[in-house]
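If you read the sequences in order, they're chains A and B.
Numbered according to this note's numbering, the first sequence spans residues 1 to 550.
Numbered according to this note's numbering, the second sequence spans residues 1001 to 1550.
These aren't lab readings, by the way, just hints derived from the structure by calculation.
Mixed in with the good hints there might be a few duds.
To be verified - Just a few of them, taken from the derived set where beta-carbon distance is under 10 Å, the chain A residues facing chain B:
id	residue
1	Leu86
2	Met108
3	Gly243
4	Asn382
5	Asp481
Claimed, not checked - Distance condition first, Cα-Cα at most 27 Å in a straight line; then the derived DSSO-like pairs of lysine-lysine:
id	chain 1	residue 1	chain 2	residue 2
6	A	Lys539	A	Lys524
7	B	Lys1042	A	Lys324
8	B	Lys1282	A	Lys395
9	A	Lys324	B	Lys1395
To be verified - Derived coverage of chain A by chain B (criterion: at least 3 residues anywhere in the stretch with Cβ under 8 Å from a Cβ of chain B; other residues may be distant):
id	region
10	268-276
11	351-363
12	509-522
Cβ atoms here follow ideal geometry from the backbone N, Cα and C, with glycine treated the same way.
Listed below, chain by chain, are the residues.
Number of protein chains: 2
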Amino acid sequence: MLKKKLSHLAIASCLVAPMMLGAGDIIHDAEYSILESQHAEKWAKDDKIVDDKLANFKKKNGGKSPNIIYILVDDLSFGEMGIPELNYVRGSQTPNINKLSDEGLSFMRMYTEPSCTPSRVAMMTGRHPVRNGLGEVKATVAGAGLAKSEVTIAEILSKVGYNTVHIGKWHMGDIAESYPHTQGFDYASFPVHQQVLLGLMTKESDKTHALKGWHASSGNDPFALDAKFKPNGLVYNLEGYKGQEAKEVDFKAGEEWTQKHYDDMNDKYQQQAMEHLGKLAKQDKPFFLQYWPLIPLDFTHTPGAELQMSNGGSGVESLFKLDKWVGQIVDEVDRLGIAENTMIVLMADNGRMRQYDSILGFSGTMYRGGKVDTTEGAVRVNAFARWPGMIEKDKLAGDMIHISDIYTTFARIAGGTEYIPRDRIIDGLDQSALFLNGEGNGRRDYVFIYSGDTLKGIVKQKFKLELPAPGAPGVAAKMYDLQRDPREEAPSIEISLWAGSVFQDLTQRHLMQMQKYPNAKVGKDTPYSGISNLRPESKKMVADFVSWSK
Amino acid sequence: MLKKKLSHLAIASCLVAPMMLGAGDIIHDAEYSILESQHAEKWAKDDKIVDDKLANFKKKNGGKSPNIIYILVDDLSFGEMGIPELNYVRGSQTPNINKLSDEGLSFMRMYTEPSCTPSRVAMMTGRHPVRNGLGEVKATVAGAGLAKSEVTIAEILSKVGYNTVHIGKWHMGDIAESYPHTQGFDYASFPVHQQVLLGLMTKESDKTHALKGWHASSGNDPFALDAKFKPNGLVYNLEGYKGQEAKEVDFKAGEEWTQKHYDDMNDKYQQQAMEHLGKLAKQDKPFFLQYWPLIPLDFTHTPGAELQMSNGGSGVESLFKLDKWVGQIVDEVDRLGIAENTMIVLMADNGRMRQYDSILGFSGTMYRGGKVDTTEGAVRVNAFARWPGMIEKDKLAGDMIHISDIYTTFARIAGGTEYIPRDRIIDGLDQSALFLNGEGNGRRDYVFIYSGDTLKGIVKQKFKLELPAPGAPGVAAKMYDLQRDPREEAPSIEISLWAGSVFQDLTQRHLMQMQKYPNAKVGKDTPYSGISNLRPESKKMVADFVSWSK
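Produce the complete structure using the sequences and hints provided.
Pasting the structure below:
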């Protein structure tokens, strides 16, 4: 498709300077060229079908591209939503998401990065976060984040006339250039940090032993000399409009953050998502509403709440709440009469946080491991796409897809492919044919799994290579058949013997291309820059950070 | 229901001697009385509904009870059939069984015994096999089996006018009194033994290392003195009619058993199941067709066969074949126009044989372990019931049910409850209300898990006790929350602290009732008794066995 599209562009613009937007092929990973060379003909035909479908849609939709709602939920392993039978295994219920699954396409092999920030970066930039320095997550103030030089999906969609709103978790940096409203969104309401700092660092958590030793009330150590050892002065809720500084909201100087603040924050995001949905639907322009709830990762039960699920874990209860919230949004889309011109995509960012299983109520199932691991349990999630009339309902797709593909696919569906940068590697592949033409039309049979900056695993078709630790001999690499052994418990020498060297070649090509297009740098700045109303305690925290970092 | 039914009987038969059939309550395990005492009123109402439904059905069906087809497949873990999403996890396909699931009720908590013989005994007798000495399986000639004194479901259904046919695996003994046609079936076609002896003890298996060291061609040990060490002279295919001796078929004296014999045997059973279905459907009487395929447990690929599934394991290939066979049977039921008066129940007998995972292509998933273990992976299976117009379609049921309940439930639905014996413990509960009134109408919240004669685990609601080894202190017992930890990997002291003593009481009640109604004895006789045409080599084998057993 890209080649074809390029030739169209070339004809239309033969007199224009060569550095124009959209000129040249998108630079994908080396592995993609190998697939493209084998499928160019079929893919060109499929792209024609996709182009026709999108053109017809636009025609019927008054010349407008579809609205896109992208809901990314936090830390939920494959199998926990959308599959009624597995609700029974878990003692949970996700009726609304199960219904959403029935109304669209369910992806059976959606890969993500192994944790929150990396997955979000991959979706926003179409790039593995190793390429822009965001493979690792720092929880407290960092003075780092998504660099201005990255071109986000929100920037692309803005360019092609979308209204863009971000609500909920962001977690891609605590500096001005990395905030959502400076990365392409017209409006954003988001916390700077993640749930440990938001949902756990409270007096209540220390009292119930959900967190230990943080709050001053948890016991005084008379020999503790450093009164600044425990973070104090964190910024919580931010809101921002494109081109303006962010403002902290819902919190006063000197106030103490509590479980109630956190619960209210969650409820507010849902309410804002609903409100903005209603407003956006009334505009002339198409919209991109990105809603990233902080749940179902939920370290504590809301105090006094009656448990609803027989499982009773805080994460499972939270999943039930999330399911209701998703139901509200989907119902509202239907009620607003925009179902047929709105694509809804729902997925998780990575597997469960297994270290907290006994409280969350989750545990390993078909896939082993969770967040920050590199087993399938870390990087395989449920994902669903609904777009009545355009995406066939009640279908499953076994094709491989990666969260970075969302970037390239959304860009294509919104008509913004030309704004995808051509000067860097884009890992995200255009999976429009899979979305619109259905199962068997995917364009990926490989995924690289990074943990921070380290390549830890490679999936190719049904085979998975777990790379040996640096310095260990190649024979220490483990090879798995993911169908026979989805839990990666029995490495197979019978596969290694033929596939070992093939995977070596593949890795080599990947690394060589990385040398050709070197990784970019993470954005750096003073923490909490770009916030107009920093509280005194936050200013103090920043001053300490700056002085200690010298 | 039973109490109510009893009182009706009492009125109708007050002048008859008290030892009549059906007199007195069915004797269930102590745990059941506890549930009955809490739900008697609701259950009486539900039973009225069930009675009315069955009476209406019979009226519309010319006074006849429904046909029953019971398909029990061999060694298949929960999740491997009927759930399309999990087909993708495995790299397998079960489209026909998935469709069957959509057309009826899927049981989410069907428990079995941990291995083949015990599960089959539980279904046939409504009793945990510990109660009749069949908790352990002997593979080669045993001179033992299901005792004549047991009252099988086939005997009960015969009493109420059913034509009864058994096709396929039996595996409940190699003596005359234990064969299916002496245990209630009008006709039976079955192998005496199980798949190791049928599908593995061949020259081909030894050549492909699927089995090692059995066949003479696998290498001669010049110091081996005992030429009778390896079994020789096994009986394979039997056929028998009620009241007659069995006949060995499809095999000649002096012939060597091969993979082809085994594959032909499997194909024959499918063909016979289809043929008998056609014949039975034409009779005036309702029928009970019991078809127990030997697959998907399948130790070897049919030589030269092209693999169909991306997984490629012999068990997964075999599952695909099984799925087609099930499809043929269901289609035939529809074609014959008997769908609405035929209940089809399909289930597995226990979890996969995990020791053979690398060849079969299966592995652990949501539940840990397999056949002969006592974890959920051993005793939780998929089960489906289809009966258009009587069982609601496309439903799931989270209620607990045990394979022994099939006995009591089939008896009720066929109108044969009065023939269930009243002089022994019947573990099987009447789950007709669950079948016909749907989810939430189950009558069980406990299951005892025996391995041979040893009680190894108890499930009560979502809690599971793994009993300590004999002699170990009670505190060594492990307690699991099956919803939070379906794989039984993290025993919970927080549950043990309250539930430990409650489970102790429960166990005590169970054992006390076992003392009150002592376990029966296994049937004993000369191996291969009741076969009219024993081959010379089989006669020799029996003679050796008899002489060595003195």
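Q: May I ask which of the numbered hints given earlier this structure violates, with the numbers listed in increasing order?
A: Failing hints, ascending: 3, 7, 8, 10, 12.
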